[in-house]
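Chemist: Here is how the chains run, residue by residue.
Number of protein chains: 4
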Amino acid sequence: MTKAIQSSVQVGELATGQALTVPLYSFIGSESSAPSVYIQANVHGAEVQGNAVIYQLMTLLEGYQVLGNITFAPLANPLGINQKSGEFTLGRFDPITGVNWNREYFDHQVDVQAWYREHQHLTDNALFQAYRSMLVEACQKRLAQPFGISTGHRLAVNLQTMAHQADIVLDLHTGPKSCKHLYCPEYDIDAARYFSIPYTLVIPNSFGGAMDEATFCPWWQLTQYAASQGRDFSVPVSAFTLELASQERIDLDDALVDAKGILAYLSYRGVIAENVSPAKMARFACYLRDYKKCHAPKAGLIEYCAVVGEPLAAGQPLVNILRIDLYGTDQAFQAISLPMDCVPILHFASASVHQGTELYKVMTKVFALPSV
Amino acid sequence: MTKAIQSSVQVGELATGQALTVPLYSFIGSESSAPSVYIQANVHGAEVQGNAVIYQLMTLLEGYQVLGNITFAPLANPLGINQKSGEFTLGRFDPITGVNWNREYFDHQVDVQAWYREHQHLTDNALFQAYRSMLVEACQKRLAQPFGISTGHRLAVNLQTMAHQADIVLDLHTGPKSCKHLYCPEYDIDAARYFSIPYTLVIPNSFGGAMDEATFCPWWQLTQYAASQGRDFSVPVSAFTLELASQERIDLDDALVDAKGILAYLSYRGVIAENVSPAKMARFACYLRDYKKCHAPKAGLIEYCAVVGEPLAAGQPLVNILRIDLYGTDQAFQAISLPMDCVPILHFASASVHQGTELYKVMTKVFALPSV
Amino acid sequence: MTKAIQSSVQVGELATGQALTVPLYSFIGSESSAPSVYIQANVHGAEVQGNAVIYQLMTLLEGYQVLGNITFAPLANPLGINQKSGEFTLGRFDPITGVNWNREYFDHQVDVQAWYREHQHLTDNALFQAYRSMLVEACQKRLAQPFGISTGHRLAVNLQTMAHQADIVLDLHTGPKSCKHLYCPEYDIDAARYFSIPYTLVIPNSFGGAMDEATFCPWWQLTQYAASQGRDFSVPVSAFTLELASQERIDLDDALVDAKGILAYLSYRGVIAENVSPAKMARFACYLRDYKKCHAPKAGLIEYCAVVGEPLAAGQPLVNILRIDLYGTDQAFQAISLPMDCVPILHFASASVHQGTELYKVMTKVFALPSV
Amino acid sequence: MTKAIQSSVQVGELATGQALTVPLYSFIGSESSAPSVYIQANVHGAEVQGNAVIYQLMTLLEGYQVLGNITFAPLANPLGINQKSGEFTLGRFDPITGVNWNREYFDHQVDVQAWYREHQHLTDNALFQAYRSMLVEACQKRLAQPFGISTGHRLAVNLQTMAHQADIVLDLHTGPKSCKHLYCPEYDIDAARYFSIPYTLVIPNSFGGAMDEATFCPWWQLTQYAASQGRDFSVPVSAFTLELASQERIDLDDALVDAKGILAYLSYRGVIAENVSPAKMARFACYLRDYKKCHAPKAGLIEYCAVVGEPLAAGQPLVNILRIDLYGTDQAFQAISLPMDCVPILHFASASVHQGTELYKVMTKVFALPSV
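Going down the list, the sequences are from chains A, B, C and D.
Going left to right, the first sequence walks through residues 29 to 400 as our numbering numbers them.
Going left to right, the second sequence walks through residues 29 to 400 as our numbering numbers them.
Going left to right, the third sequence walks through residues 29 to 400 as our numbering numbers them.
Going left to right, the fourth sequence walks through residues 29 to 400 as our numbering numbers them.
If you're looking for bench data, these hints aren't it; they were derived computationally from the structure.
From a predicted model like this one, the values you see are computed outputs, not experimental measurements.
By construction, the Cβ of each residue, glycine as well, lies at the ideal position given by its N, Cα and C atoms.
One thing to keep in mind: the hints can contain errors.
[Stated by the list, open to error] Short, incomplete list of chain B residues facing chain A, as computed with Cβ under 7 Å:
(1) 54
(2) 76
(3) 116
(4) 204
(5) 259
(6) 263
(7) 337
(8) 339
(9) 342
(10) 353
(11) 380
[Unchecked claim] Which chain D residues stay away from chain C? Per the calculated CB distances, all over 12 Å, these:
(12) 31
(13) 292
(14) 297
(15) 317
(16) 400
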């Protein structure tokens, strides 16, 4: 039985001078050829369940033979986690600037053509190693910008520096009131069959600001460009965002379920020696373009009718809107529905909304994923 | 079938010049001798369910014979309701001053002795009418203070002015994550058997800042003083705070349950002509002094184990605290329990807490209330 | 003497059902050929001084002969203005989503080539009229999106709909602690000589999310494309953002200065019949690429040394950082300076900062603008 | 030259597990009979200037002969200081509960009669020592409450424990936009002549929740009771709140002025060997009952006309209220004044206010204090 080794990384500094640090836990793999892994949780302050999953996963791993290096970064955003506002955690964006903590990662915008021309003589492994070094150095240069960088960018690029050193990157999030779902790049869709997650969003292979994209995009671009030059390899790096149900919730039993799902994926990838089968369950997916945000068409008090994770037929009520100020009119109580079948994936956390608040996100044009 | 009559009251003014108004709905009773009623909801911005109860109650009342005047003030704190912070409603206190909206009511501090000496020659009814007028005028005078009054006090005293004109006052709140419970003054404990609420907090007959206390205290003082002078009457005014489960939740079916409970009380008091029986259910109570706040002994991520509304034996876990930064030590995962039996009534809404955050409120020394 | 005509526009709805409305004031011009004007203020909640400028401008205009239609939209963001957090206005971003209110305008992304091909037979005036109609209709279609739009986008597109109907658009903002400065598109740099504003930022002619860009970009694109097809006209629409010193400040005397500056520009453009000369003053500019954000290299308490609007030589202290937790070391009190000459334009509002907080924005490579 | 000795005290723990600590600096006095001193700053997060004063004072003290022990606790409320909301520090109240950080101190409610009966046989010095020990132990017991205590109370009682061990306690605050003023208990009014502070509020000798009151009240009660029993001594402990101009401001030069004022008081009290004269300046005072809060009689945009610290004659404008939504009426721009002479001491920080916002605090019935 091997415990993880603890260290920490400083990601900023508070006004009082206190260092902002993230705890790190590492399992050292026994095979240098096995893929390495980086798993972080809680970049959004209220999305705490990923820490419980890491806790269960570390406890499980103590009993496995670990082949590849695995690094865990729980509580990855101390500023966001500690930022309360009333009885809730206001940890979705920098309270000073409003910028979403999950849109602060560095977009490398590598000139792949030039880089490849210079490095094409290398073997695959040496090529990958050189590319990885270039990405890490670009992050370090970013952290040393002459005019400084923002608080959120500093946090993100510090985390990204660690992620770039791994072959597999998992970013553990949750929705507001949500069922479990996975963000998976289109090129890596087969991976979705290993996690214990029923719904998968298939995302384009391009940068949108999040950790998963920041990690795999440069590699996907390299792979594409090499292919155009007649050299074929699969994308050397995998990165996913796991949305592990609802925010402001710690559930150790459920965390164990997700820890086992992650273990199944790591087993499939050869990170651990043992064989761990994925859970038998139906898995569904939709393309990001078919993932719809439903905004409140009018203000009011909201009764959330649709259950997240359960298919909803066209015309069935998504929400009821109570407008007690309009008592006595037909606007006082009104159901809102969609004209197409969907699966509601998450809904807003508050029961009273302004016009335009995002009430639900729903998958449309959902299709089944094949099992392993 | 009679609909309520709509009007509104202005309770303030926003920086842009917009009036802050509360919608009012009135049923005019057919019997001037029947008690009059004032029911408000949503003084704390996130506590919206009372509006749904009012909606159901108004709809029910359309089919009843209403004897006493009934006034409803839903959405009673427009500033608090509209104040969002992230995905939640930051409506528990004035965002400028921090003062709890429910601690802003006016403490009359009547010189009962002097007032009684001057008015003791009146008949009971005339005495009550004079006392009521004095209370209303004191509120109006308060609103016209030469140096002005605070935003929250203006709201509260406006609401209080309406409450003082009724014989029965119900203030509809919710807890954070909560089971239903009732705040009931000691002298009026019999009333607790009518509402559909399993747990009752028996509160002292003194002022603590809330609407119920602001309403009944001056009357209880008058009754006490008159009794000391050899004149006996029961406290002429009843006031209760109903905590209708959790905040940020609209549930029309459950609202109907509570509307019927209120109707049972109004029936018992003769506000409606029809006989409505209270729900058959076990009801329990504890004294306020036995209602305990459990503060987090240390910081961490919280798994809330105890179910609100269900008795918890001494030594059973209230919460588990996950401290993933202490992984590898016996502090990493720790259960917290109490040394006595209790009934957890409500818990904090967030799953990560600083040291000292109020985790649970629990009733101890709980006793059963007799049925009607 | 003619007063402006008052109306209003609804831009949203609050949770309680209250309409969010913006007051509008219009002067009707006597010459249909004169340019029309749209001026808004206070899209960021704390940036109130523009309202005072509008007040002074409306008062002045009562005494002038108005040729072109002028519409004023003060208090343009009621939700933002009314959102307090402690003693300050938290009006820079949507408190729910964190999105900057000034990055919510609609990017038309007109397919100019296709549109021009279809409309090139029109005379200039008819061409402009058709283009304008297309922009307005695109906004209206946006407001009617099937899945709804966000609160901030609804506000922005409503304002934008009004702006598109004018030839001249002024968006009145302020900085945090700031000297006056103007955002001016490169093609319209001559306009900078009319306002009473010492510093001008010359911005590219492309969309970045703000009102000025949302207004002029489609027109600049049309102009460019027409020129490429051998048809020359100047960009038919002008749009500027005026930063009128510091937020959380109302100063009527200073507002009069800026009202007169705007009047000088309107006079130059023929919106009023009278000749109003611009203030005699030195005016300077720099390109946006030379406008630098200085982030706090470390956390601490900040003494802001550099005076906004006054040139600062290389090596002179921008701020002193007090780190009393490091008393006794050479880190306890430290000056921060830049290696090049600059003009500090604005600084952060708080005197204690986390690492990475934006301390100052400074102009570098400043050049003088010629006078009128 | 002697530097202060650094240590720290833990006052809480953040959700992520980080300790909340306050840095402490101590000068050890050479005379055990000299009074000991405790000085804290920044209990309200935005009120940073006290840290600069402590910095200057520590630097000055390095050159003096220190007779009594002096302990400094700058950055005394790390949670409040680090809590930002937009560009400002939201540090006036606990963001979870709304409770003012400066109203969380422990009210001992000593049963002085019983305590004195038991200890009256002691000499004055032994009596004081026993009383002091009792206060400190009561604080320690408070920190160990079986159901825990709130975050704010934990912070306050930790600070209070240190304060109770000193003879002189200074709590360094600031107003929002404020001139310098001193809170001074009535019994200790002579002390006001030493600080470099022009205005003094003479407060009652009773508990209101703040540090100064928490410190001196038990001692004043003891002194009073002993006097009633025929034993006379002066109140053994002095405690003052210094309001050092405006929040969100660091000014080292001005901090030096206040450091010298404090030094003059410490010199007068024999804490340092050297003689330091108080600044020659006029000093004025008023009783707390004559200190008036002026609330906004209506909402609107505020031009603050009255300069803090400068006398304002009756009828002169305190503020102008701009209501641009009422343009064209006589309500559009309106001056607000008071019917009596006053000295405005501080005003609200934001330029747009809801009805009821506290605009100014003003001293009335101001009288001159004699010089030393």
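Chemist: Hint by hint, say whether it matches the structure.
Modeler: Here's how the hints hold up against the structure:
With its C-beta approaching chain A no nearer than about 12 Å, residue 54/B sits outside the 7 Å limit, and its interface hint is violated. Checking residue 76/B against chain A: minimum C-beta separation of about 5 Å stays under 7 Å; hint holds. For residue 116/B, the interface hint holds, the least distance from its beta-carbon to any beta-carbon of chain A being 4 Å, beneath 7 Å. At a threshold of 7 Å, the smallest CB-CB gap from residue 204/B to chain A is about 5 Å, leaving the interface hint in force.
The beta carbon of residue 259/B comes no nearer than 43 Å to any beta carbon in chain A, farther than 7 Å, and the hint placing it at the interface is violated. Hint on residue 263/B is violated. Least Cβ distance to chain A is approximately 31 Å, over the 7 Å limit. Annotation: residue 337/B was flagged as interfacial toward chain A, and the flag is violated, the nearest CB pair being 19 Å apart, outside 7 Å. At its closest, the beta carbon of residue 339/B sits 22 Å from a beta carbon of chain A; the interface hint therefore is violated under the 7 Å criterion.
Annotation: interface hint on residue 342/B violated; nearest CB of chain A at approximately 23 Å, more than 7 Å. A cut of 7 Å between beta carbons decides the hint on residue 353/B: the least distance to chain A is about 5 Å, and the hint holds. Satisfaction of the interface hint for residue 380/B is found here, the shortest Cβ-Cβ separation to chain A being roughly 5 Å, below the 7 Å cut-off. Consistency note on residue 31/D: stated as away from chain C, yet its beta-carbon is not over 12 Å from all of that chain's, at 5 Å minimum.
The Cβ of residue 292/D lies farther than 12 Å from every Cβ of chain C, with a closest approach of about 22 Å, so its non-interface assignment holds. Here residue 297/D stays apart from chain C, with its beta-carbon at least about 24 Å from theirs, past the 12 Å limit. For residue 317/D, the non-interface assignment is confirmed: its Cβ lies about 25 Å from the closest Cβ of chain C, beyond the 12 Å cut-off. With a cut of 12 Å on Cβ distances, residue 400/D stays outside the contact zone with chain C, its closest approach being about 30 Å.
Hints 1, 5, 6, 7, 8, 9, 12 from the earlier list are contradicted by this structure; the remaining hints agree with it.
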